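Protein chains: 2
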Amino acid sequence: MTRTQVLSIDMMGGDHGPPETVPGVAQAAEALPAARFLLHGDEAKIGPELERHPGLKARAEIRHTDKSIASDEKPAVALRRGKGSSMWNAIEAVKAGEADAAISSGNTGGLMAISKLVLRMSIDFDRPCLVASWPGAKGLTTVLDVGANIDCDAERLVEFAIMGEAFHRAVHGVARPTVGLINVGSEDVKGHEEVREAHAILSSGKFDLDYRGFVEGDDLSKNTVDVAVTDGFTGNIMLKTAEGTGRYVEQALKGALTSSPIAMLGAMLARGGLLQFREKLNPPRAAPLLGLNGVVVKSHGGAKARDFRDAVLMASGFAQSDFAAEIERNMKRLSAALAESQASTVEEPS
Amino acid sequence: MTRTQVLSIDMMGGDHGPPETVPGVAQAAEALPAARFLLHGDEAKIGPELERHPGLKARAEIRHTDKSIASDEKPAVALRRGKGSSMWNAIEAVKAGEADAAISSGNTGGLMAISKLVLRMSIDFDRPCLVASWPGAKGLTTVLDVGANIDCDAERLVEFAIMGEAFHRAVHGVARPTVGLINVGSEDVKGHEEVREAHAILSSGKFDLDYRGFVEGDDLSKNTVDVAVTDGFTGNIMLKTAEGTGRYVEQALKGALTSSPIAMLGAMLARGGLLQFREKLNPPRAAPLLGLNGVVVKSHGGAKARDFRDAVLMASGFAQSDFAAEIERNMKRLSAALAESQASTVEEPS
Numbered sequence: 001m002t003r004t005q006v007l008s009i010d011m012m013g014g015d016h017g018p019p020e021t022v023p024g025v026a027q028a029a030e031a032l033p034a035a036r037f038l039l040h041g042d043e044a045k046i047g048p049e050l051e052r053h054p055g056l057k058a059r060a061e062i063r064h065t066d067k068s069i070a071s072d073e074k075p076a077v078a079l080r081r082g083k084g085s086s087m088w089n090a091i092e093a094v095k096a097g098e099a100d101a102a103i104s105s106g107n108t109g110g111l112m113a114i115s116k117l118v119l120r121m122s123i124d125f126d127r128p129c130l131v132a133s134w135p136g137a138k139g140l141t142t143v144l145d146v147g148a149n150i151d152c153d154a155e156r157l158v159e160f161a162i163m164g165e166a167f168h169r170a171v172h173g174v175a176r177p178t179v180g181l182i183n184v185g186s187e188d189v190k191g192h193e194e195v196r197e198a199h200a201i202l203s204s205g206k207f208d209l210d211y212r213g214f215v216e217g218d219d220l221s222k223n224t225v226d227v228a229v230t231d232g233f234t235g236n237i238m239l240k241t242a243e244g245t246g247r248y249v250e251q252a253l254k255g256a257l258t259s260s261p262i263a264m265l266g267a268m269l270a271r272g273g274l275l276q277f278r279e280k281l282n283p284p285r286a287a288p289l290l291g292l293n294g295v296v297v298k299s300h301g302g303a304k305a306r307d308f309r310d311a312v313l314m315a316s317g318f319a320q321s322d323f324a325a326e327i328e329r330n331m332k333r334l335s336a337a338l339a340e341s342q343a344s345t346v347e348e349p350s
Numbered sequence: 001m002t003r004t005q006v007l008s009i010d011m012m013g014g015d016h017g018p019p020e021t022v023p024g025v026a027q028a029a030e031a032l033p034a035a036r037f038l039l040h041g042d043e044a045k046i047g048p049e050l051e052r053h054p055g056l057k058a059r060a061e062i063r064h065t066d067k068s069i070a071s072d073e074k075p076a077v078a079l080r081r082g083k084g085s086s087m088w089n090a091i092e093a094v095k096a097g098e099a100d101a102a103i104s105s106g107n108t109g110g111l112m113a114i115s116k117l118v119l120r121m122s123i124d125f126d127r128p129c130l131v132a133s134w135p136g137a138k139g140l141t142t143v144l145d146v147g148a149n150i151d152c153d154a155e156r157l158v159e160f161a162i163m164g165e166a167f168h169r170a171v172h173g174v175a176r177p178t179v180g181l182i183n184v185g186s187e188d189v190k191g192h193e194e195v196r197e198a199h200a201i202l203s204s205g206k207f208d209l210d211y212r213g214f215v216e217g218d219d220l221s222k223n224t225v226d227v228a229v230t231d232g233f234t235g236n237i238m239l240k241t242a243e244g245t246g247r248y249v250e251q252a253l254k255g256a257l258t259s260s261p262i263a264m265l266g267a268m269l270a271r272g273g274l275l276q277f278r279e280k281l282n283p284p285r286a287a288p289l290l291g292l293n294g295v296v297v298k299s300h301g302g303a304k305a306r307d308f309r310d311a312v313l314m315a316s317g318f319a320q321s322d323f324a325a326e327i328e329r330n331m332k333r334l335s336a337a338l339a340e341s342q343a344s345t346v347e348e349p350s
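Residue numbers (full-length UniProt numbering), protein chains in the order written: chain R, 1 to 350; chain L, 1 to 350.
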C-alpha cells in the first residue's frame, strides 16, 4: 500500500469526549507514522487538547461541527437528526472516499443506523453485524453476531462465518483461523434446523475455511476455535451472560478479599497478580461493524485513551487488510454452493 | 401431610456410587425424621455402607438389582436396556405409587428418557424440562429450560414460566416469586416473535404470576427476578457460557495467586475468604425434571455425599409442596387465555 491511510474519527462520542479521544488518537498516531487523521467534532474542545500532541497535530485536520449524537439517543432519532453530527461526518468521509475507515465511541444503535444508511450494506443483513472479542485461556475468540441480527437463517450464519474468519485473519494476523458453529451439543442431530443446515453447508468443503463443526457455550473461554458463529439473539445473551458472570465474580472476590484484616493483607501482597488477573478478564473494547461498504469500528462508550487508541489501530489494520476482496471471493462460493444445493433438492422427489 | 413420605433413590448413579450416595441419604434422613427410603441398587455394595448408618438403616429398604445405567450410555440405549436397572426401578416406584419422589445422579439423557417413558409427561413437552439454579449476588435464580426443549413456541415459554414459578415457591419457599423472560433488550419490540408473543400472553394479567417483563443475560447473576424463562437452546448455551467463564476466571485467579512467592503468601493469608468466594460461585448440584407426572430430581454426576443430600432434600420438599395442584390451576388459565386470544384474532380482519 503506497497511498497514505486516512482515518476518520468521531471525537465527540462516548462518555469522555476530546480529553480521552485526543490522547487516544495521538497514541495511535505514534504507532501509525504514515497515517493522516480527520478529527470530527467541536473545534473549541478538540483544539486545546490537540495542542498538547504536536506529533498528531501535524498530521490531523479538525473538521468542525457543533452537532453530536447523545449516548442515549434512539437509533431512529439519531438517523433523523444526525446529519452533520460528528458521528455522521466521520462515516460520510469514508463514503466520499476521503478516508479509509471511521471510528466512534458513540452509541451503538445510532452508529449502526447511520453507517447502514450512509455506507449501505454490502451483504443483505438487517443491520451491520456486531463482533465481540472473547477473552480466553489462550487468547481471543471472535464471536459474531452478538446482537444486531436477531433472526438468522442458515445462509446468514454461513455469511457470519465467512466474515468472521476474514476479520480474524485481518485483525489478529492468524493465517488460517478455525471456525465453529455454536450449538447445544457436538452431534449433527442436535440443535435448531437453521444451525444444522448451516453446519451442512459449512461442512460441504466448498469454502476456503477451516471449519471445525459445532462448539458449545464453554468453548469460547477455552478458545477451542478462533471464530465462533451464532445468531444475534443467542450471541447477545451469551455476551451479557458472560459479562454478568464476570462482574459477579469480581464483586464476590472483592468481598472475599475484604472479609477480614488478614484477607486484606493477603490481597495487598497479591496485588500485582490480581491486577494481571483483572487485565486478563477484560476484553478489548473495540468492535467492527461488519457487512458494510466500508470499515467502521465501534469503541466502547466508556473508552479511555488507551481503549480508543486500540480502536483506531484495529480500524487501521482492518482497512489495510485484504478483507473486502476475501469476503467477495467467499460470498461467490456461497452463492454457488447454495444454488447447487437447491438444484439437488429440486432433483429429489419431495 | 400425615402419611409418611417415601423417597425412591437410585444408589448406583454418578461417578462414586454407594460410598457417596449412602452417606448422602443418611444425612438427608437426619433432616427428614419421618421419611422412609427405598434404596435401589447392588445390595452387596449398598449393604456394607448402610451398616455405618443405623439411623438410616432403620428406615430404609434395599431393593436389589445388578443392573445399572452407565454414565456414558446413550438415552436410546438406556431406554432399550434400562428396564430393571437401579435408575429405572427408582422411577418405577414413583409410578407405582410406592414412593413420592425419585432421585438419581445417573446420566441426564437416560434419566430424562426413562422418566418420560415410565411416568409420561403431564404437559406436552418434547422432553422433561431441565432447570438450573443460578447463583447471584442476592441468592439463586431459577432458570429454565436449560437444554431439553430446543424449539419453543410462545405457549411453551409460558408453560415454563408457570412451572418455574411454582417450583421456585415449592423449593425456595418464596411466597410470590418474580418471573422474567430472557430477551436481548427490555423493549417490547425487541427479540424473536416467540418471545414477544409469550411476553404479550404473560403481560395479559390472566395468570396468578408476578411477571416483570424482559430480562437480559446479565440479570441472572444480579438476581433481578426469581425465575428466568428461555428456550432450551438459549438456556443451554447461557448455562455453558457461564460455566466456562467461571472456570476460566478460577484458572486465571489461580495463575495470578501463584505468579510470585509474595502473591502466594498473600493467597495463603486470604485463604478463608477465597474458600468462601469459591463456595459462593458453585451452584447447587441438584435439578428437577419438570413436566412429568411425578417428582424426579437429578443430582450431578460428580455428586459427593453433601450434594446428594441436597438433591434428596430438594426432592422431599418438592414432593410435599402444592406444586402439582398449582400447575394444574395455572395451566387451565393458560388454555383459557389462549382460546380467548385465538377468538379475538379470528374476529379481526386478516
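Read the hints as simulated data drawn from the structure, not as lab findings. Misleading hints may appear alongside valid ones.
Chain copies aren't distinguished; within one or between two, either way the pair holds.
Unchecked claim - Restricting the straight-line Cα-Cα distance to at most 16 Å, the calculated cross-link-like pairs of lysine to aspartate or glutamate (EDC-like) are: (1) K280 x D151; (2) K222 x E250; (3) K280 x E250; (4) K138 x E250; (5) K57 x E326.
Remember, it's a predicted structure, so these values are computed and weren't measured experimentally.
request  = Measure nothing new, just compare the shortest in-copy and cross-copy C-alpha distances for K138 and E250 to 16 Å and report within, between, both or neither.
outcome  = between (21 Å within a copy, 15 Å between copies)
Classify it for me, K222 with E250: is the Cα-Cα distance of at most 16 Å met within a copy, between copies, both or neither? between (20 Å within a copy, 13 Å between copies)
*Status of D151 relative to K280 across identical chains (alpha carbons, at most 16 Å)*: neither (32 Å within a copy, 36 Å between copies)
(message) Cα distance capped at 16 Å. Does K280 pair with E250 within a copy, between copies, both, or neither?
(response) So K280 and E250 pass the 16 Å test inside a copy (12 Å) and across (12 Å) alike.
Check your understanding: Are the CA atoms of K57 and E326 at most 16 Å apart within a copy, between copies, both, or neither?
Key -> neither (35 Å within a copy, 70 Å between copies)
In terms of the numbered hints stated before, the structure departs from hints 1 and 5, listed from lowest to highest.
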